Amino acid sequence: MHHIISIREVSREEIDDILDRASAIDSGNFDSEALKGKILANLFFEPSTRTQMSFASAMMRLGGSVISLGSVEASSVAKGETLADTIRVVSGYADAIVLRHPLEGAARFASESATIPVINAGDGAGQHPSQTLLDLFTIRQSMSLEKINIGFLGDLRYGRTAHSLAAALSRYDARIHTITPKGLELPPGLTEDLIEYGTDIVVHEHLEDVVEDLDVLYVTRIQRERFPDPADYASIASSYRVTPDVIRGVSDRFLLMHPLPRVDEIDPRVDALPCARYFEQSRNGVPVRMAMLQKVFL
Amino acid sequence: MKGKPEDGLLISPIRNGTVIDHIAAGEGLPVLRILGITGRTTEELSVATNVESRQMGKKDIVKIENRELVKEEVDRISLIAPKASINIIREYRVVQKIGVEIPSEVVGVIRCPNPACISNANEPIRSLFACQRRGYRCRYCDTMITRDVGSYIV
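Chains A and B, in that order, give the protein sequences.
With my numbering as the guide, the letters of the first sequence map in order to residues 1 to 298.
With my numbering as the guide, the letters of the second sequence map in order to residues 1 to 154.
Watch out, some of these pointers could steer you wrong.
Some chain A residues judged to face chain B by a derived CB distance under 7 Å, without partners named [as the list claims (entries may be wrong)]:
#1 T82
#2 A106
#3 F109
#4 A276
#5 L298
One side only, chain B facing chain A, incomplete, derived with CB under 8 Å [stated by the list, open to error]:
#6 Y92
#7 V95
#8 R139
#9 M144
Hints were generated in silico from the structure; no laboratory data involved.
In this text the structure is predicted, and so the values were computed from the model without any measurement.
All C-beta atoms in this analysis are idealised placements derived from N, C-alpha and C, irrespective of residue type, glycine included.
Produce the complete structure using the sequences and hints provided.
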């Protein structure tokens, strides 16, 4: 059984394989009936637009079907059912599960209760491997993943997409630059992991100090829902914003990425610039998730 | 065969039970806690703290009458007293010396400090930590415990 829980457990060879498959799929090279008769269960215990819909789209483009939990309030979870029981039950209804859950480690735990493959679609501030794969795919459409200079701007404490992407890029000898509001730095455990892996991490106070040296700037939203104390959120929100002025002078190959949704952190005037890749990034969710489903099912 | 040893020692030898020696100074009481020994349990105990030690400078010693520790309990002790030596005593004689070994995994012994970890939710789950060079890593949320592991013992 092939679960996909954490990008840390996916080897570089497997990553390259999924990205190669996604490239082929993106060029129209795939069997649209490959998963005919298969059912994917989308279990989203947290709101999601892109991840949920792109997994559904990916499954349907491969000829499969999708069933969903619907709203948590209308499910047995509202009656107090444990995640373990929900997963056991759904294992009897579907051939694979895509799980989004607010608690960290939920996908790993689900994989222990399931009798079918589980794909982690985000567990709290923990892991989001499918997002990481589509982020890597988006970068690779423009440049080699080897030894890139990438800046992470925003909430790196709770930002699971940044955690996973940093961990994945450490396999490609990336140089990582962090630019964060105070209190939202990379978790110490992750920083130590990256350093142990030989990754260069450079900490900056201001984006302007480093932006011209970057190949990629990965911006993340400050996530109100992850802050235990709303006062802490209020004190940090809107502390950074990417505008056309801020990224003037960047290199020709520079990419601006964001996992979306954005709030105030990227000025809409930036959308028209050739470096803005966040909508492309979002669109790439479909071929990359098709490649993941191929991997899990076939 | 040795008889009953002489009086006048800091803690009297025990006839039957377990002696846990070479506990780092100050960790003797947490060792009791990890073994589930409290003021309400019935074991006959001797605890010496801050005892002079040539090897360690200062150390703690715990002696438990009429209780022989089993391997799982010894593994628990390794979390806070990795240098401890454990002697099983019968009729005043050491019949077994057990070295403390740090296990590769610790199951159901320490609580994850991350409140958002699934292992702290109302699920049928036992905490599971992998022992790594830098500390203990939660299998579920990857949180590392690098210090004061004793304070997370369930």
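To see whether the hints hold, each was checked on the structure:
The interface hint given for T82 (chain A) is met, as the beta carbon of that residue sits about 5 Å from the closest beta carbon of chain B, less than 7 Å. The beta carbon of A106 (chain A) comes within 5 Å of a beta carbon in chain B, closer than 7 Å, and the hint placing it at the interface holds. This hint holds: F109 (chain A) has a C-beta 5 Å from the nearest C-beta of chain B, less than the 7 Å allowed. Proximity of A276 (chain A) to chain B is violated relative to the hint, the smallest CB-CB distance being about 32 Å (cut-off 7 Å).
At about 28 Å, the closest approach between the beta carbon of L298 (chain A) and any beta carbon in chain B exceeds 7 Å, and the interface hint on this residue is violated. For Y92 (chain B), the shortest C-beta to C-beta distance to chain A is roughly 48 Å, which exceeds 8 Å, and the interface hint is violated. Contact between V95 (chain B) and chain A, as hinted, is not supported at the beta carbon level, the nearest pair being about 40 Å apart and thus beyond 8 Å. Against a cut-off of 8 Å between C-beta atoms, the interface hint on R139 (chain B) holds, since the closest Cβ of chain A lies about 7 Å away.
With a least beta-carbon distance of about 4 Å to chain A, the hint placing M144 (chain B) at the interface is held under the 8 Å criterion.
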